[in-house]
Amino acid sequence: MKDDSIRHPAAAREFLADRERARWHDSAIWWVRQKRDAQMAQLPEWETLRTMAEQIKAHTLSRLDEYLEAFERKAEENGVVVHWAADADEHNRIVHGLLAERGVNKLVKSKSMLTEECGLNPYLEARGVEVIDTDLGERIVQLRHEAPSHIVMPAIHLKKQQISELFERELGTEPGNFDPTYLTHAARANLREHFLSAGAGLTGVNFAIAETGGLVVCTNEGNADLGSALPPLHIACMGLEKLIPRLEHLGVFTRLLARSAIGSPTTTYTSHFHKPRPGGELHVVIVDNGRSEILGREDFYQSLRCIRCGACMNTCPVYRRSSGYSYSYIIPGPIGSTLGPSRDIRKHASMAFACTTCASCDNVCPVRIPLSEQLVAQRARAWQTGALPAGKRAAIGALGVLTRHPALFALAGKTLRKVFPILPAGLAQDNPYSRPGRALPEMPAQSFREWWLQNRKKP
Amino acid sequence: MKIGLFVPCHVNELAPEVAIATLELLEGYGLTVDYPLAQTCCGQPQFNNGDLKGADRAAGRFAEVFAGYDYIVSPGTSCVSHVGAHTPDALSKTRSRVYELVEFLQDVLKVERLPKPVYFPHKVSLHQSCHGLRLRAHATPSERMLPYQSRLERILALVDGVSVVYPQRRDECCGFGGSFCVDEPEVSVAMGEDRVDGHAATGAEFIVGAEPSCLMHMGGVIRAQDKAIRPLHIALLLTGRGGA
Ligand code: SF4
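Protein sequences, first through last, are from chains A and B. In case it helps, the UniProt record's numbering puts the first sequence at residues 1 to 459. In case it helps, the UniProt record's numbering puts the second sequence at residues 1 to 244.
Calculated directly from the structure, the hints in this document are not laboratory data.
Using 16 Å as the maximum straight-line C-alpha spacing, the simulated EDC-like pairs for lysine to aspartate or glutamate come out as follows:
(1) A:Lys457 / B:Asp34
(2) B:Lys2 / B:Asp34
(3) A:Lys457 / B:Glu27
If you're wondering where the values come from, they're calculated on a predicted model, not measured in any experiment.
Work out the full structure, taking the sequences as your base and the hints as a guide.
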């Protein structure tokens, strides 16, 4: 679970205190952005695909009720049990109920940001269910009792040395062996035992197809497949925005997803689930948890197109230099910075300001969500609801007054220009702009306005 | 043709030479340029901090001050992008008349030479500022699968002797970001340092761009670190004020 009292600037300052590690984090993630670019360059139709993906999602969202009902009908015909959860708590109760009725006390889970959002793990653990995250990155952060720092690469903030130490402690691996293959094999052997002994498997859902009632789960490690194939009970949890109308639409998204997410042409496994295995059960839990409220907001409904590829994080220069843990909401980076504030602007206002408005995310997003515009729109909500720090509000208010009075405006500028150069160095450094590493601009003797009055103004 | 020069606040106070160069460049093409003294702020800081009413008031004022001009030309790409994209629909007439300097030279004047020939035998690393790049299509963003073009490169082809290079991570943000630079000073400086390092690693002597605020921010990083590379606004280069 995440500490939602985090404020981005303070957390980022802390992260950047270790500049070497921060540089490593930045380049590790930039490398994924470059892989994504290389994949894009191989598809001349890339921009067309993005537009199609945008339109399919936009269409689906405009008739979400119809598609949800169609999906439910079809899935139930196929023998899948469909559950509806209005919020996180109901989702958790449904999942726990299914486990409790069958006496299941161990659950293997593949990656699902939705269950992170709902706080499922602590809920189940408090009720005596052992939960094992089986995605390698998620397993690592679970063993560290941390939240994921990235939605696709949950442990991207960690170096192999840290993972080696963790595994030595938790799984008994050799001290000082940092070899990624060795460590992965150790995790795999350990997970295999859990897969074999678990009473149920839980997966997320990447796409749900209204036409067929099918569920599609994209992973790279095959853990979702083991988790759904070994235990007799498979529970799939999805946000209600995961729908697409027809099977023929799926290819548009699978072509974009892995390329955008990790710079691979496809995910290693794209698994389709239509009905329970012989002798098994398949349940799907469809969760609202604030989504229909976002759907109703003209400024923000577009964020529901998100397919959680993480590309906006990888391209975000602020995310790469501050890490997922600098953001108060469970989903960090650009998309988190609109989803979090949509949920609770007071708690998550600092996320909307952790952005230079460079708009790289808008251009990288495979479903063309105008993320930077959404962030600025969230700032307007912060302004309206009084979620801004008082100093910021006052400064912008003062600027408003100056804007209406050209003479005062000129005077304020001049004062700034004339006062800074004569301040003692220590005092001049004590301003919000100067930092070790960045000096104030040199202050010219004359403003342009003054120059114009002297040189160009006709009498 | 009546031209109103729009000089963003930070250029007026902190980089007056950029506004002077812009003015002289336009005058060099035989144009009469006026600088309306009643101009203040375009409202971008209010807009970006969520004060939409304040931003609309500033935009309304801006529209009044520049109402009498056929074209509004500015050396500040970011402010132009704000006026062009984020002002109320009622001001659409103002929106369509506002141009960043290079846009104006290329799209309205369609210039094929500079007023005075400029010889600048130096290597320059181009800084595509984000708002010019992604809001005003000054170049093709590296995220997109579109044919490559760059306004700044095209205008620099009119300068003799100059060689143009790009940093690795061709168009990553420098970290200025308006009030971001004081809201998130540590991230802002870290981004600025990386950007300056990227430009310096090309071996260029100058970082050339069309947005004065990014250049000012990178200039601060350069001074704090005592680096050799220098920021240079394109208007200065195009008027032979390269300072080299
Ligand atoms: S907002 Fe777009 S880029 Fe970001 S995770 Fe969602 S789909 Fe990917």
